[in-house]
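*Asks:* Residue numbers (numbering that gives the first Met the number 0), protein chains in the order written: chain Z, 0 to 267; chain E, 0 to 193; chain P, 0 to 193.
Hint data in this document are derived by calculation from the structure and do not stem from the laboratory.
In this text, a Cβ means the ideal position worked out from N, Cα and C, and glycines have one as well.
Mixed in with the good hints, there may be bad ones.
Residues of chain Z clear of chain E, computed beta-carbon distances all greater than 12 Å [as the list claims (entries may be wrong)]:
1. 81
2. 95
3. 168
4. 231
5. 254
Computed list of lysine to aspartate or glutamate pairs in EDC-like fashion (alpha-carbon distance at most 16 Å, straight line) [what the hints assert, rightly or not]:
6. Z/160 / P/164
7. Z/160 / P/75
8. E/58 / E/24
9. Z/160 / P/122
10. Z/178 / P/105
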Amino acid sequence: MTGELAIPSAALQGDEADWAGPAAAATDDSALYLELDGWEGPLDLLLDLARRQKVDLRRISILDLVDQYLVYIERAEALRLELAADYLVMAAWLAYLKSAMLLPREEQEDPSPEELALRLQLRLQRLAAMRDAAARLLGRDRLGRDVFARGAPEGLRVDRKHLWQCDMFALLQAYGQVKARTAPVVHMVRDRMVMTLDSALTRVSAMLGVSLDWMELRDFLPPHADPRLRRSALASSFVAALELARTGKADLRQEETFGPLHLRGVRA
Amino acid sequence: MGRPDDLVRAVEATLFAAEAPMTAEAIAEHLGGADVRGALAELAEHYAARGVQLVERGKRWHFQTAPDMAHLLRREREDVRRLSRAATEVLAIVAYHEPVSRAEIESIRGVQTAKGTLDVLMEAGWVRVAGRREVPGRPVIYATTPEFLAHFGLATRKDLPGIDELRAAGLLDPVEDALEAAMDAAGQADGNAA
Amino acid sequence: MGRPDDLVRAVEATLFAAEAPMTAEAIAEHLGGADVRGALAELAEHYAARGVQLVERGKRWHFQTAPDMAHLLRREREDVRRLSRAATEVLAIVAYHEPVSRAEIESIRGVQTAKGTLDVLMEAGWVRVAGRREVPGRPVIYATTPEFLAHFGLATRKDLPGIDELRAAGLLDPVEDALEAAMDAAGQADGNAA
Chain Z
0 MTGELAIPSA ALQGDEADWA GPAAAATDDS ALYLELDGWE GPLDLLLDLA RRQKVDLRRI
60 SILDLVDQYL VYIERAEALR LELAADYLVM AAWLAYLKSA MLLPREEQED PSPEELALRL
120 QLRLQRLAAM RDAAARLLGR DRLGRDVFAR GAPEGLRVDR KHLWQCDMFA LLQAYGQVKA
180 RTAPVVHMVR DRMVMTLDSA LTRVSAMLGV SLDWMELRDF LPPHADPRLR RSALASSFVA
240 ALELARTGKA DLRQEETFGP LHLRGVRA
Chain E
0 MGRPDDLVRA VEATLFAAEA PMTAEAIAEH LGGADVRGAL AELAEHYAAR GVQLVERGKR
60 WHFQTAPDMA HLLRREREDV RRLSRAATEV LAIVAYHEPV SRAEIESIRG VQTAKGTLDV
120 LMEAGWVRVA GRREVPGRPV IYATTPEFLA HFGLATRKDL PGIDELRAAG LLDPVEDALE
180 AAMDAAGQAD GNAA
Chain P
0 MGRPDDLVRA VEATLFAAEA PMTAEAIAEH LGGADVRGAL AELAEHYAAR GVQLVERGKR
60 WHFQTAPDMA HLLRREREDV RRLSRAATEV LAIVAYHEPV SRAEIESIRG VQTAKGTLDV
120 LMEAGWVRVA GRREVPGRPV IYATTPEFLA HFGLATRKDL PGIDELRAAG LLDPVEDALE
180 AAMDAAGQAD GNAA
């Protein structure tokens, strides 16, 4: 048994150089300590022990494996080596598993010890599969170790350059707008023909004094006038009519909404 | 041997000069939109027997020395980092199972993964965060990178050594799935486990 | 084409992976003392027609991009951009008033002019620094370039339409109209930018 303990787990892998795992060691007890230090947890140690059974992991004897593990832990304890807690937890669990597997069937609990053993076996298979895969991966022709990229590539450079666009019209329009924006601004109000309120008031009162009948507002407007002057005259004559009605100098009458507006002078 | 056509020569010159592997799309863009697939195939064939080869890794192309020249070219000071055993195992688990969470990695290895282990792999540019799994806790999931494929000489993840056999054997499935299947079978062949 | 012999392949791989040009002696030493002259000659001939060539410079050998493919190493990508409204105004002011200082441009525009605006015009190659004005502070003065005239199809600056012509063309219309046009232009500029 002691002779087997010294098999370094790294030796099971294809590419030893890449492992920082435990080094090959002598068979004495200090080697055991070193190896325990090198294992990554109880599953790692179990896998190592399982592989020493030199059978397919699917046919591994879990009972043998449990015995080997427990022996290992006992030896470590006998040497008063510090063991990480998870090794001891695993030892306790495996001791339980072993006793359950040795019990008569009818006294078994759920999950059955077979199931627990199978679960352990499956886990070991999976870890072993990944360990082999890692070794095969590391053994490939690796870039920078076995195959090399070009030592001094020239490199590809892409220089970005803006191609600015502007046309003559945009240029002149921009200048025109600068000039227009900054030129002194002169506001010119065009001369327009208007009838002021004063002249409308004078004109409407004079005409009311002449007629005794109702007259339509339109009749007060200057005939043959420029249409723009007529619009202005209509507005100012309307306001004049309202003013005369307010001061009691005229009556207003409208038959319907938006209908013609009539007015008549009030005789004092 | 005749002179290769100018597109082939342009792709050849571009990939020789490039400081990193390039996708066919990136090469095409560099060459003003030409279709470079034919040229890449022609170059790969031309270089297959030479001391330098054109290879495709994760959809990116680069020239590298032929593998059988390794013994002549190994340098005194290797620029490949030596990985710890833990890092190597984690890398393999990520590669064969991706995308994979830290908890899934740990359940396969049976130990907690030291904080630095995934960091080392990410720093090497071989592993990347590939999002989160939409399960309670939304754990971060990890996957490999194109640089991983380039470094290990894999055209795609399908080239991972033995991945088909592992998958066929169910060794990439979670223990729970395998357990269920095995318990059914074990019903007939009782007692083998002991 | 047959497989080149292993010495040729070894020399090819060595020079490809080398970080600096190597003498024939250095290559020979690297390859255990083989006579590499024949292999170098064979490689040089093989690569003569390709996109990459093996050349000897000062007794040292190295691969380099074929001269007619050298343009691939450094490519310029041009993206077309429309000059902003502010830059167009500044350009017009420089053209009509050159040489002008930045302060003068600002007083003509009636708005502050960002430093970047003149930079853009200089990058476009249309405006240059034309010296300094010999007044206190010695401000930099700007003028247009021959490229400006060429781009706008002008024989000389005198060909720029005068104020009267601009007015006749409606380009000095009241600000309201101009504002509307400016808003349209701005709308288009936004569209271009998007």
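*Asks:* All the hints need checking, so say for each whether the structure fits it.
*Replies:* Hints, one by one, checked against the model:
no.	hint	result
1	81	17 Å, holds
2	95	15 Å, holds
3	168	32 Å, holds
4	231	71 Å, holds
5	254	81 Å, holds
6	Z/160 / P/164	36 Å, violated
7	Z/160 / P/75	7 Å, holds
8	E/58 / E/24	10 Å, holds
9	Z/160 / P/122	9 Å, holds
10	Z/178 / P/105	13 Å, holds
Going down the numbered hints, you'll see the structure goes against just number 6.
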